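As they're listed, the protein sequences go chains W and Y.
559 is the number of the first residue of the first sequence in the numbering used here; add one for each residue after it.
9 is the number of the first residue of the second sequence in the numbering used here; add one for each residue after it.
Note that these hints are calculated values from the structure, not bench results.
Since we're looking at a predicted model, the values are computed, not measured.
It is possible that part of the hints are untrue.
Claimed, not checked - In silico SDA-like pairs for lysine to any residue, Cα to Cα no more than 25 Å straight-line:
no.	chain 1	residue 1	chain 2	residue 2
1	W	K873	W	S762
2	W	K1289	Y	G141
3	Y	K112	W	F705
4	W	K1199	Y	K10
5	W	K968	W	S1275
6	Y	K10	Y	G141
7	W	K1142	W	K1158
8	Y	K38	W	S762
9	W	K1165	W	S1275
10	W	K921	W	T999
11	W	K950	W	D1208
12	W	K1199	Y	G141
13	W	K885	Y	K112
14	W	K968	Y	S121
15	W	K1169	Y	G221
16	Y	K218	W	I1110
17	W	K875	W	N852
18	W	K885	Y	A69
19	W	K1112	Y	K145
20	W	K583	W	D840
21	Y	K112	W	N701
22	Y	K86	Y	G104
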Amino acid sequence: MIKPNVYHSLGLNDKEYRHILKILKRNPSNTELAMFSVEWSEHCGYLCSRKWLKLLPKAGKYKTLIGEDSGGIIIDDLAIVFKMESHNHPSQVEPKQGAATGVGGIIRDIFTAGARPIASLNSLRFGPLTQAYNKYLLGGVVNGIQFYGNCVGVPTVGGEIYFDESYSGNCLVNAMCIGIAKKEKLMRARACGKGNAIMYVGSSTGRDGIGGCSILASNEFKEGEEKRPTVQIGDPFTEKCLIEATLEAINTGYLVGIKDMGAAGLTCCTSEMASAGNSGMDVELQAVPRREENMEPWEVMMSESQERMLVCVKKGKEENIRKIFLKWDLNASVIGRVTEDGLVTIRDKGKIVARINAHALTKAPIYDMPYRKPGYLRKLNKLKLSEIPDPKDYNKILLKLLAAPSITNKAWVYRQYDHMVQTNTIVLPGSDAAVLRLKGTNKGIAATTDCNSRYCFLNPYRGAQIAVAEAARNLVCSGAHPAAVTDCLNFGNPKKPESFWQFKNCVEGIRDACKSFNLSVVSGNVSFYNESPKSAINPTPAIGMIGIVKDIKKTCSQNFKQEGDAVILLGYCRQDLGATEYLKEIHHLTGGDAPQLDLKLEQAVQKTCLKAIEEGLVNSAHDCSEGGLAVALAECCISNKDQMIGANIDKLNYDIRPDALLFGESQSRIILSCSQDSVGRLRKIALEFKAPFYVIGQTCRRFLRILNGTEELIYLSLEDLNEAWRDSLQKNIEG
Amino acid sequence: MKFGIVVFPGSNCDQDCFYVIKDVLGKPVKYIWHKDTDLAGLDCVILPGGFSYGDYLRTGAIARFSPVLKSIVKFSGKGGTVIGICNGFQILLEAGLLPGVMLKNRDLHFICSYVYIKTENNDTRFTGLYNPGQILKIPIAHNEGNYYIDAAGLKELRDNNQIVFRYCSDAGEVNDKFNPNGALDNIAGIINRKRNVLGMMPHPERSAEKELGSKDGYFIFKSVIKYVEKTRT
């Protein structure tokens, strides 16, 4: 008989324990109990979220692939496989290794699908840099990403970083990886075929990371807890070898299935591969390569040592596969065989230590969580504009916003990432989206991540829709057709109805926006319990989106290219001051509602922009987001340090507050520049799609000037803009 | 004219170099596994960028003991052409084929960025197609590119015209402001006294096609091809 405090300490409740007894028809062994506890943890089992995740569209305009651990789309004969995953809690505890192993884990999810990883992105959130620990976290996380990503030879081409008080005590590290494969080479994470070998490949097993997913990722942080030992340690060199060996092994055609030993290591791999293959397996733990002595069976099953995988190999081909891994100086050991009994049988020196039905073990209970709209929103959503003083000196405000951590130049970060290795990066970090060529074709892909969590906090449904719309807009500005989505849903404690309401509404927002764009959600990840003793994080449904560039010669970047070009605004400027960076940075106010979003208007603007780029009419394209029109224009002027170009914006004529015109965050707006000869054609395209089209000024030499009617709101030299924006993050961090 | 590209288990620019030689320049090329020793039939051996054996200790410190390195030392002794790029340069220093050492970058961070370098010596088999003083736009991506050598060594490099590339501004000014990593004398690339071994931190294979933003690195490979084909006829 196992005492309640034992299974409680493993995160299982009484009802779940009774369910386990029913499945086994006997008391569980220690190893079995541990296996249930991780398979039924929120991190692995998606108990609270699964009901809602089913809402997300699984089909879209491109043929969609949904695998066990990742998903993708098919373009001609290529599969583009991608996924985003969180590593928040480990990073909060040990930022360098937490972030590094996050990168390593997501890369493994991609190449175990048979795809060569070609790019990484990451979506990061920290508390304000005024606090020393947040600086330490940012430095450590960036260090971890560069340490792992640079060595493993996958370029880190993009992402986003935002700062907000809600992340103090619980930073977010979401890593995304993209890979490509010939579609016939794709692999599944399954084991089947009686007698086929179960092989363990990669690093040896130690005690690192035991309980990482069940303990660390499925609870919120409480003060004074020491959780460092549950963080894994990354070895990018081994991973690099593992990538090459695995792809070589897949190429032989002798593999039946393969799966990364990520969260909950061998437990997940054995049970989920058997379950996915409708089979069983019989495994001997003594055959598992180890780096520590006297490990208990349950420790071997729970270990989250990195850079390991489980492979199902056709019977008789074990030696061929072993040789490939040995060539790369990696372990490769047959630890078991596929069976037909549907049971995962785990032995230690021949003695059975666990025997569980694979389907039952992997089918974690689904919970229907109660949800409730938070009471505080009613008050927060009301914004009395009359109470917000008009600051008058807009120049000063613009400079302040350009230096704000969430807006300022992020080169200090991406300079530390090798973003060029593999020689595919056509549009480098620092523009709206990264663009990669697909060698051997004339096509390319664009990728971005997006989420404004302040919008999601004030209006989860619309905030999530905007995250999708903005990600698509970023891709379009690079010349890509939005193609498919991966999401990483970061929320607080799902057992709190207010938190769960945020989750539910965000999922519905993603669903509706994706349906409107005809995009499938091919993969994703949920991270709950992102809370510090002070508060929950802002709901942060990070959207990773891939787009297709039909002709790699027709891409676009955000910076103005030459003097004398027409500057065009697609879209409307409305009095959208709610939830803005401006309110937060200047008026220290998080309030109002998320900006309005009209998905029809959004489509019209995006289609116009894309067609204009594909016709070769556009010299630059930039989406208006945080900081509004003024910040977007400033970025167009200065983001290329070798070639800064000014703009005289003298044709605006709006009857709204000047601060709303300059810094309001109305959605569905894109700033284009083109030669004067192309304006007529561009106007026709806008008319065709019914997109609002305004020539608002022209590029010029050394300044940015913005007028509304005859009133001059902004007049700043490029040097001043550049000084505010260029190095403020670095100064902030390095002092 | 045949190229060989060394593959250490942690190399990660080997495939990029291979692509440039085969698909951009259209020349024969093969990989050389780090445990192999046969370099027969090769005219030019490239040690590519990456993290040879993880480089957790000191860059290139383990690679110098690899079987392939022994063959490369012999190969270069017989006048064979050797190019070390980034990690390859670091390995050539560790192996003693080029003088000096690499320190961590001055700001202690990995730096990935386009830089400008000045062709200080175009009278080599690696730079024959450049004009004297030509400025190249080319990316760097490294943690340890802060080249160092003692005063006597530096004098020797200068006296023998062994400094091939120096970091500079887009207009060619060579000074500390345009030194990305703190390298002594802005050194970005050097050759040996026999002039058949080149080590450089910037990546010519990443700047060999216009669509990537610069084609300036292409002419290093092209110069070598021209040299080898000319000396052969």
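Now the hints, each set against the structure:
1. W:K873 with W:S762: Distance of about 23 Å is within 25 Å: holds.
2. W:K1289 with Y:G141: Distance of about 35 Å is beyond 25 Å: violated.
3. Y:K112 with W:F705: holds (14 Å)
4. W:K1199 with Y:K10: violated (40 Å)
5. W:K968 with W:S1275: holds (21 Å)
6. Y:K10 with Y:G141: violated (29 Å)
7. W:K1142 with W:K1158: Violated, at roughly 29 Å.
8. Y:K38 with W:S762: Since the Cα atoms of K38 (chain Y) and S762 (chain W) sit roughly 32 Å apart, the hinted pair is violated (cutoff 25 Å).
9. W:K1165 with W:S1275: With Cα atoms ~34 Å apart, K1165 (chain W) and S1275 (chain W) exceed 25 Å; violated.
10. W:K921 with W:T999: Between K921 (chain W) and T999 (chain W) the Cα gap is close to 42 Å, so the pair fails against 25 Å, i.e. violated.
11. W:K950 with W:D1208: The given pair, whose Cα atoms are some 19 Å apart, holds under the 25 Å limit.
12. W:K1199 with Y:G141: Answer holds: K1199 (chain W) to G141 (chain Y) is near 24 Å, not above 25 Å.
13. W:K885 with Y:K112: violated (31 Å)
14. W:K968 with Y:S121: holds (13 Å)
15. W:K1169 with Y:G221: With a Cα-Cα distance of about 24 Å, the restraint between K1169 (chain W) and G221 (chain Y) holds, given a limit of 25 Å.
16. Y:K218 with W:I1110: holds (12 Å)
17. W:K875 with W:N852: violated (32 Å)
18. W:K885 with Y:A69: holds (21 Å)
19. W:K1112 with Y:K145: Answer holds: K1112 (chain W) to K145 (chain Y) is near 23 Å, not above 25 Å.
20. W:K583 with W:D840: holds (20 Å)
21. Y:K112 with W:N701: With a Cα-Cα distance of about 15 Å, the restraint between K112 (chain Y) and N701 (chain W) holds, given a limit of 25 Å.
22. Y:K86 with Y:G104: holds (16 Å)
The structure fails hints 2, 4, 6, 7, 8, 9, 10, 13, 17 (numbered hints given earlier, in ascending order).
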